[in-house]
Amino acid sequence: GAVVSQHPSWVICKSGTSVKIECRSLDFQATTMFWYRQFPKQSLMLMATSNEGSKATYEQGVEKDKFLINHASLTLSTLTVTSAHPEDSSFYICSARSGISPLHFGNGTRLTVT
Amino acid sequence: DAKTTQPNSMESNEEEPVHLPCNHSTISGTDYIHWYRQLPSQGPEYVIHGLTSNVNNRMASLAIAEDRKSSTLILHRATLRDAAVYYCILILGGNEKLTFGTGTRLTIIP
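First to last, the protein sequences are chains A and B. According to our numbering, the residues represented by the first sequence are 1 to 114, in order. According to our numbering, the residues represented by the second sequence are 1001 to 1110, in order.
Among the hints, erroneous ones may be present.
As the list claims (entries may be wrong) - According to the in silico footprint, chain B covers these stretches of chain A (three or more CB under 8 Å from chain B):
no.	segment
1	44-51
2	104-114
Unchecked claim - Below 27 Å or equal to it, Euclidean Cα-Cα: the simulated DSS-like pairs (lysine-lysine) are:
no.	chain 1	residue 1	chain 2	residue 2
3	B	Lys1003	A	Lys41
4	A	Lys66	A	Lys20
5	A	Lys55	A	Lys20
6	B	Lys1097	A	Lys64
7	A	Lys41	A	Lys14
8	B	Lys1097	A	Lys55
9	B	Lys1097	A	Lys20
10	B	Lys1003	B	Lys1097
11	A	Lys66	A	Lys41
12	B	Lys1097	A	Lys66
13	A	Lys20	A	Lys64
14	A	Lys41	B	Lys1097
15	A	Lys41	A	Lys20
16	A	Lys14	A	Lys66
17	B	Lys1069	B	Lys1003
18	A	Lys14	A	Lys64
19	B	Lys1097	B	Lys1069
20	A	Lys66	A	Lys55
As the list claims (entries may be wrong) - Calculated Cβ distances over 12 Å to all of chain B for the following chain A residues:
no.	residue
21	Cys13
22	Ser15
23	Ser18
24	Asp27
25	Lys64
26	Thr78
27	Ser83
28	His85
29	Glu87
30	Asp88
Source of the hints: derived by calculation from the structure; they are not laboratory data. All C-beta atoms in this analysis are idealised placements derived from N, C-alpha and C, irrespective of residue type, glycine included.
All chains should be built: construct the whole structure from the sequences, respecting the hints.
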């Protein structure tokens, strides 16, 4: 089945630094990838839709300058959390889709900002 | 996206069938009904989806009401590994965004 790989699975960084999270579709080409954030005991919240070769579309309330998304190829999208602060600590999850098939999700990245 | 309503939590005994309900009274004619589940500390996993007819796959069955205003995910024989949060989501045909509700936290009792 379709596999989405997300890296790293966890990261700890200091406040003020930037962190990059990678999302790769391993066995299919994904024209669209999605980035979610999930706080403890809460549901997934869509942050942005990433389209290959074009700018990402951010959901209301998500700062595009803070959460930089790049989708340079059909198999790779990256999310960079810039100038991270403790309140950015969360579980970040990417997903990808090929055509009209169901979404496939990565295993998430747990970010802790100290 | 049309909204769905699910019970916050359910319990089931191991090796028994589980019926997870979902109400979606405002569903439109082109909305697909998708089910995903999320195990602890993992990304969501696709379970099943359908439009009008009941669907079966190796993981589960999806029973869709005739008026499509509700559906039920059926796990035929629950195992401890089925303990997860189950999300019922409507996806407008051609619209790729998934909006997650609060889902149903399923606990399996050994």
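Tested hints:
Counting residues of the segment 44-51 of chain A whose beta-carbon sits less than 8 Å from any beta-carbon of chain B gives 4, enough to reach three: the coverage restraint holds. Under a criterion of three residues with beta carbons nearer than 8 Å to beta carbons of chain B, the stated coverage of the segment 104-114 of chain A is upheld, 6 such residues being counted. With a C-alpha separation of about 20 Å, the suggested pair B:Lys1003 and A:Lys41 falls inside the 27 Å cut-off, and the hint holds. For the proposed pair A:Lys66 and A:Lys20, the alpha carbon gap of about 12 Å is at most 27 Å, so the pair holds.
At most 27 Å may separate the alpha-carbon atoms for a hinted pair to count; A:Lys55 and A:Lys20 meet this at roughly 17 Å. At roughly 18 Å between alpha-carbon atoms, B:Lys1097 and A:Lys64 fall within 27 Å of each other, so this suggested pair holds. Restraint check for A:Lys41 and A:Lys14: satisfied, since their Cα atoms lie roughly 24 Å apart, inside the 27 Å limit. Only pairs whose Cα atoms come within 27 Å are accepted, and B:Lys1097 paired with A:Lys55 is accepted, the gap being roughly 16 Å.
Among the hinted pairs, B:Lys1097 with A:Lys20 is consistent with the structure: their alpha-carbon atoms are about 23 Å apart, no more than 27 Å. The suggested pairing of B:Lys1003 with B:Lys1097 holds, with an alpha-carbon distance near 13 Å, which does not exceed 27 Å. Proposed proximity of A:Lys66 and A:Lys41 is supported: the alpha carbons are some 24 Å apart, at most 27 Å. As the CA atoms of B:Lys1097 and A:Lys66 are separated by approximately 22 Å, the hinted pair is consistent with the 27 Å bound.
Restraint check for A:Lys20 and A:Lys64: satisfied, since their Cα atoms lie roughly 14 Å apart, inside the 27 Å limit. Under the criterion of a C-alpha separation no larger than 27 Å, the hint pairing A:Lys41 with B:Lys1097 is consistent with the structure, at around 22 Å. This hinted pair checks out: A:Lys41 and A:Lys20 have alpha carbons roughly 24 Å apart, not beyond 27 Å. Distance hint between A:Lys14 and A:Lys66 is fulfilled; the C-alpha atoms sit about 16 Å from each other, no more than 27 Å.
Taking the CA atoms of B:Lys1069 and B:Lys1003, the gap is about 11 Å. The hint holds against a cut of 27 Å. For the hint linking A:Lys14 to A:Lys64, the alpha-carbon distance of about 21 Å falls within 27 Å, and the restraint holds. Taking the CA atoms of B:Lys1097 and B:Lys1069, the gap is near 21 Å; set against the 27 Å cutoff, the hint holds. At most 27 Å may separate the alpha-carbon atoms for a hinted pair to count; A:Lys66 and A:Lys55 meet this at roughly 14 Å.
Here A:Cys13 stays apart from chain B, with its beta-carbon at least about 19 Å from theirs, past the 12 Å limit. The Cβ of A:Ser15 sits about 24 Å from the closest Cβ of chain B, beyond the 12 Å cut-off, so the non-interface label holds. Residue placement check: A:Ser18 keeps its beta carbon more than 12 Å from all beta carbons of chain B (closest about 23 Å). At roughly 15 Å from the closest C-beta of chain B, the C-beta of A:Asp27 stays outside 12 Å, upholding its exclusion from the interface.
Every C-beta of chain B lies more than 12 Å from that of A:Lys64, the closest at about 17 Å, which supports listing it as non-interface. With a cut of 12 Å on Cβ distances, A:Thr78 stays outside the contact zone with chain B, its closest approach being about 17 Å. Here A:Ser83 stays apart from chain B, with its beta-carbon at least about 26 Å from theirs, past the 12 Å limit. With a least beta-carbon separation of about 23 Å from chain B, A:His85 lies farther than 12 Å from that chain, consistent with its non-interface assignment.
Every C-beta of chain B lies more than 12 Å from that of A:Glu87, the closest at about 21 Å, which supports listing it as non-interface. With a least beta-carbon separation of about 18 Å from chain B, A:Asp88 lies farther than 12 Å from that chain, consistent with its non-interface assignment.
Consistency with the previously given hints is maintained throughout, with no hint failing.
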